[in-house]
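Enquirer: Work out the full structure: start from the sequences and follow the hints.
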Amino acid sequence: NAGVTQTPKFQVLKTGQSMTLQCAQDMNHEYMSWYRQDPGMGLRLIHYSVGAGITDQGEVPNGYNVSRSTTEDFPLRLLSAAPSQTSVYFCASSYSLAGVGDMTQYFGPGTRLLVL
Amino acid sequence: AQSVTQLDSHVSVSEGTPVLLRCNYSSSYSPSLFWYVQHPNKGLQLLLKYTSAATLVKGINGFEAEFKKSETSFHLTKPSAHMSDAAEYFCVVSRMDSSYKLIFGSGTRLLVRP
Numbered sequence: 184n185a186g187v188t189q190t191p192k193f194q195v196l197k198t199g200q201s202m203t204l205q206c207a208q209d210m211n212h213e214y215m216s217w218y219r220q221d222p223g224m225g226l227r228l229i230h231y232s233v234g235a236g237i238t239d240q241g242e243v244p245n246g247y248n249v250s251r252s253t254t255e256d257f258p259l260r261l262l263s264a265a266p267s268q269t270s271v272y273f274c275a276s277s278y279s280l281a282g283v284g285d286m287t288q289y290f291g292p293g294t295r296l297l298v299l
Numbered sequence: 205a206q207s208v209t210q211l212d213s214h215v216s217v218s219e220g221t222p223v224l225l226r227c228n229y230s231s232s233y234s235p236s237l238f239w240y241v242q243h244p245n246k247g248l249q250l251l252l253k254y255t256s257a258a259t260l261v262k263g264i265n266g267f268e269a270e271f272k273k274s275e276t277s278f279h280l281t282k283p284s285a286h287m288s289d290a291a292e293y294f295c296v297v298s299r300m301d302s303s304y305k306l307i308f309g310s311g312t313r314l315l316v317r318p
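Those protein sequence lines, which keep their order, are chains P and C.
Using our numbering, the first residue of the first sequence is number 184, and each one after it goes up by one.
Using our numbering, the first residue of the second sequence is number 205, and each one after it goes up by one.
Think of the hints as simulated: they come from the structure by calculation, not from any bench.
Take these hints with a grain of salt, some might be off.
To be verified - Pairs of lysine to aspartate or glutamate residues, derived as DMTMM-like cross-links and limited to a Cα-Cα distance of at most 25 Å, are as follows:
1. C:LYS246 / P:ASP256
2. P:LYS192 / C:ASP212
3. C:LYS272 / P:ASP256
4. P:LYS197 / P:ASP209
What the hints assert, rightly or not - Here are a few chain C residues that face chain P, going by a calculated C-beta distance under 7 Å:
5. PRO244
6. LEU248
7. PHE308
8. GLY309
9. SER310
10. GLY311
11. LEU314
Even for Gly, the Cβ is constructed at its ideal location relative to N, Cα and C.
Expert: This is how it looks when you write it as structure tokens:
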């Protein structure tokens, strides 16, 4: 059981380039989410998904796209990278929906992104 | 609106002394509250959680937290710090429009001196 995995661990982009951050979980969790972590600001929710085929925006969605074609995978796409997107990105997953069962979210190890 | 405030950005203790990391929350309803720990260059790990059961919550590695509704606080404590406790700690509250949306505090970095 690998838990939540993220690739790559580190990436350098030039302004305007596109890329996809990969996230996968093998716990059969319905809920998955993407956060970005910036110094002094904790983690902020970018996008989330409550199941395959269903996604929604979080607090800071601009500049990012997501899709959820399978339960296991939840990739995050940067269409045209900007220096403001330099951050550490975390993917998380959780078993339950609202008010049901264990709401613990399990986090991946993170992807460090530098946009020049 | 819900929010969470971690009152100290940095806390420094000596090994073997008690740890206190302070967290206050704002919520119109009884929230679910969590403490997560992040070691350098690692992901976040759940320490403990409060979900309206016992107000004193015990977590991993000897940490515990007490939910105090009258003070809107959820402070994290440990009787005796260990060098391996040096990390960043996040207090987190779940949003009322969806219990799986989390609001993070800005974090407290714990330094443990030998």
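Enquirer: Indicate, hint by hint, whether the structure satisfies it.
Expert: Comparing the hints with the structure gives:
The straight-line distance between the Cα atoms of C:LYS246 and P:ASP256 is roughly 21 Å, inside the 25 Å bound, and the hint therefore holds. For a cut-off of 25 Å, the pair hint linking P:LYS192 to C:ASP212 is broken: about 30 Å separates their Cα positions. Taking the CA atoms of C:LYS272 and P:ASP256, the gap is near 39 Å; set against the 25 Å cutoff, the hint is violated. Distance restraint check for P:LYS197 and P:ASP209: the Cα-Cα separation of roughly 32 Å exceeds the 25 Å cut-off, and the hinted pair is therefore not satisfied.
Look at C:PRO244: its Cβ only gets to about 11 Å from chain P, farther than 7 Å, so that hint breaks. With its C-beta approaching chain P no nearer than about 4 Å, C:LEU248 sits inside the 7 Å limit, and its interface hint holds. Interface restraint check: C:PHE308 against chain P, minimum CB-CB distance 3 Å, threshold 7 Å, status holds. A cut of 7 Å between beta carbons decides the hint on C:GLY309: the least distance to chain P is about 6 Å, and the hint holds.
Taking 7 Å as the C-beta contact cut-off toward chain P, the hint placing C:SER310 at the interface holds, the least distance being around 5 Å. Against a cut-off of 7 Å between C-beta atoms, the interface hint on C:GLY311 holds, since the closest Cβ of chain P lies about 6 Å away. Violation of the interface hint for C:LEU314 is found here, the shortest Cβ-Cβ separation to chain P being roughly 15 Å, above the 7 Å cut-off.
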